[in-house]
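Undergrad: Kindly produce the complete structure, drawing on both the sequences and the hints.
Heads up: the sequence lines are chains E and D, in that order. So the first sequence is numbered by my numbering: it starts at 1 and just counts up by one. So the second sequence is numbered by my numbering: it starts at 1 and just counts up by one.
Just so you know, these hints were derived from the structure itself, not from any lab. Predicted model only: the values in this text are computed from it and were never measured. Among the hints, a few may not be true.
Every beta carbon over 10 Å from chain E, so not counted as near; a handful from chain D, in silico [claimed, not checked]:
(1) Asn16
(2) Gln26
(3) Ala100
(4) His175
(5) Asn215
(6) Gln225
Stretch by stretch, here's where chain E covers chain D in the computed footprint (C-beta under 8 Å, at least three residues) [as the list claims (entries may be wrong)]:
(7) 43-53
(8) 88-96
(9) 101-113
Backbone N, C-alpha and C define an ideal beta-carbon position, used for all residues, glycine too.
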Amino acid sequence: MTLRDALICFNGLLQRELLRFVQQRSRFFSALVRPLLWLVVFASGFRAALGIAIIEPYETYITYEVYIVPGLCAMIILFNGMQSSLSMVYDREMGSMRVLLVSPMPRPFLLLSKLLATSLISLLQVYGFLLIAWFWGVEAPLWGYLTALPAFLMVAMMLSSIGLFISARIKQLENFAGVMNFVIFPMFFLSSALYPLWKMREASEWLYWVCAWNPFSHGVELIRFALYQQGNSEALMIVSGVTLIAAVLAVRGFQPQQGMGKR
Amino acid sequence: MSIEISNLSFSYGSLNALQDINLSLQEGRFNALLGPNGAGKSTLFALLTRLYALQQGEITITGHSIARHPAQVMRKLGVVFQQSTLDLDLSVAQNLYYHAALHGMSKRQALPRITEELARFDLSARLHDKVRSLNGGHRRRVEIARALLHKPAILLLDEPSVGLDPATRESLNLHIRELCQEQQLTVLWATHLMEEVQPDDPVTILFRGKVLASNTAGQLCQEHQCADISTLFRSLTGVTE
Numbered sequence: 001m002t003l004r005d006a007l008i009c010f011n012g013l014l015q016r017e018l019l020r021f022v023q024q025r026s027r028f029f030s031a032l033v034r035p036l037l038w039l040v041v042f043a044s045g046f047r048a049a050l051g052i053a054i055i056e057p058y059e060t061y062i063t064y065e066v067y068i069v070p071g072l073c074a075m076i077i078l079f080n081g082m083q084s085s086l087s088m089v090y091d092r093e094m095g096s097m098r099v100l101l102v103s104p105m106p107r108p109f110l111l112l113s114k115l116l117a118t119s120l121i122s123l124l125q126v127y128g129f130l131l132i133a134w135f136w137g138v139e140a141p142l143w144g145y146l147t148a149l150p151a152f153l154m155v156a157m158m159l160s161s162i163g164l165f166i167s168a169r170i171k172q173l174e175n176f177a178g179v180m181n182f183v184i185f186p187m188f189f190l191s192s193a194l195y196p197l198w199k200m201r202e203a204s205e206w207l208y209w210v211c212a213w214n215p216f217s218h219g220v221e222l223i224r225f226a227l228y229q230q231g232n233s234e235a236l237m238i239v240s241g242v243t244l245i246a247a248v249l250a251v252r253g254f255q256p257q258q259g260m261g262k263r
Numbered sequence: 001m002s003i004e005i006s007n008l009s010f011s012y013g014s015l016n017a018l019q020d021i022n023l024s025l026q027e028g029r030f031n032a033l034l035g036p037n038g039a040g041k042s043t044l045f046a047l048l049t050r051l052y053a054l055q056q057g058e059i060t061i062t063g064h065s066i067a068r069h070p071a072q073v074m075r076k077l078g079v080v081f082q083q084s085t086l087d088l089d090l091s092v093a094q095n096l097y098y099h100a101a102l103h104g105m106s107k108r109q110a111l112p113r114i115t116e117e118l119a120r121f122d123l124s125a126r127l128h129d130k131v132r133s134l135n136g137g138h139r140r141r142v143e144i145a146r147a148l149l150h151k152p153a154i155l156l157l158d159e160p161s162v163g164l165d166p167a168t169r170e171s172l173n174l175h176i177r178e179l180c181q182e183q184q185l186t187v188l189w190a191t192h193l194m195e196e197v198q199p200d201d202p203v204t205i206l207f208r209g210k211v212l213a214s215n216t217a218g219q220l221c222q223e224h225q226c227a228d229i230s231t232l233f234r235s236l237t238g239v240t241e
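TA: And the structure:
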């Protein structure tokens, strides 16, 4: 495979995802409803109940809406990543995945390109959400929207790799409902997306540790800091490390004939 | 030097799907793979297209081992799957460009090939139509055009005529035969429909994961003193179509 082949191939994959995204505009809007409900309904009700002290990276007291926006961005990425990974696993013996797998390009390259292409599409939804949040009064520094971009992309790669790995390995996760109950919800709720971890610690020490170990928490924090033009080296290292390991395991575990046999 | 399959076995757990298959395709010919549903045709296709990894035995395609040189092998193969693999919401052109990109062909390289292949199937006017608006026969033709874009030496078709009406089935079959003649393309056409086979065709009869017979249809009929391939098939397998 030459670099030229690789670029053409990746470009083809990305264009296909973009075309499908444009075709399925209704899915785009329905995917925005979920985080907007959290922002507009849940956060409005919850702000009275939860006072947030000044914590990094924020410089002043913030409203609860401001606090949960990075977590909701990560939630969009989480849903998209899990959904596309699950369909990659279930479609691998038919449809578009078979077309992908008969390409002469190396399989790891094809799979990672597909993950990257779907991750980039996910970012369109994230920025769509951030735009609405901006109109709702949740503003991050202007440059923050740009500095957050690599963070969004890294978190998207991490989550879709994790998604690909677990959906290929765990046979019981047969449909999206299974993934929601056993992967998405635990990952989302046991993280710093909705509450700062010190709040969690006040409630329960072991819950705090579960949240602190959850890679999703670090993804949320990486986004939170990047959105406010700051780096968080601990989150960056954990997200990079987990992405690398999950991507290797996902690609190895994907081989259609392994793990599950014929489905 | 087209496809050589030697001592190929494959099982799903304790179920043997293929047992000790030996087969070589005749170059530039319409090779038919006959077998009832469940004979192991799709498993063989899954192995030929690297969807499954080999468990036992060897497959070489145009002289390259499928296990050791997958990239070279896949460049030589065009594949039409049993189930449709087109994106219904995308146009014919978009579907074809996507396939071309997966083979490292830029749009500029792909366009003349797309034009050429669609013209062969009288589908040039449908280039920008959504696949959803095409009928079953036309969709199949687009899939065959797609499989030929990168100029493969071998074309694999897994039950390509399933779900099509008899007239469309016949014309598709004829099209592929013309391709064999014009371009010296080696074709492997898997089917359970005996009428798709002609007396000169090299035929392999697959049944319950084993090769029962392999020769041209005419010679097989002669050897087994059967009037036609359907009778031969019934007498070898005990299965009516």
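Undergrad: I'd like to know which numbered hints this structure contradicts. Please list them from smallest to largest.
TA: The structure conflicts with hint 3 only, although it agrees with all the remaining ones.
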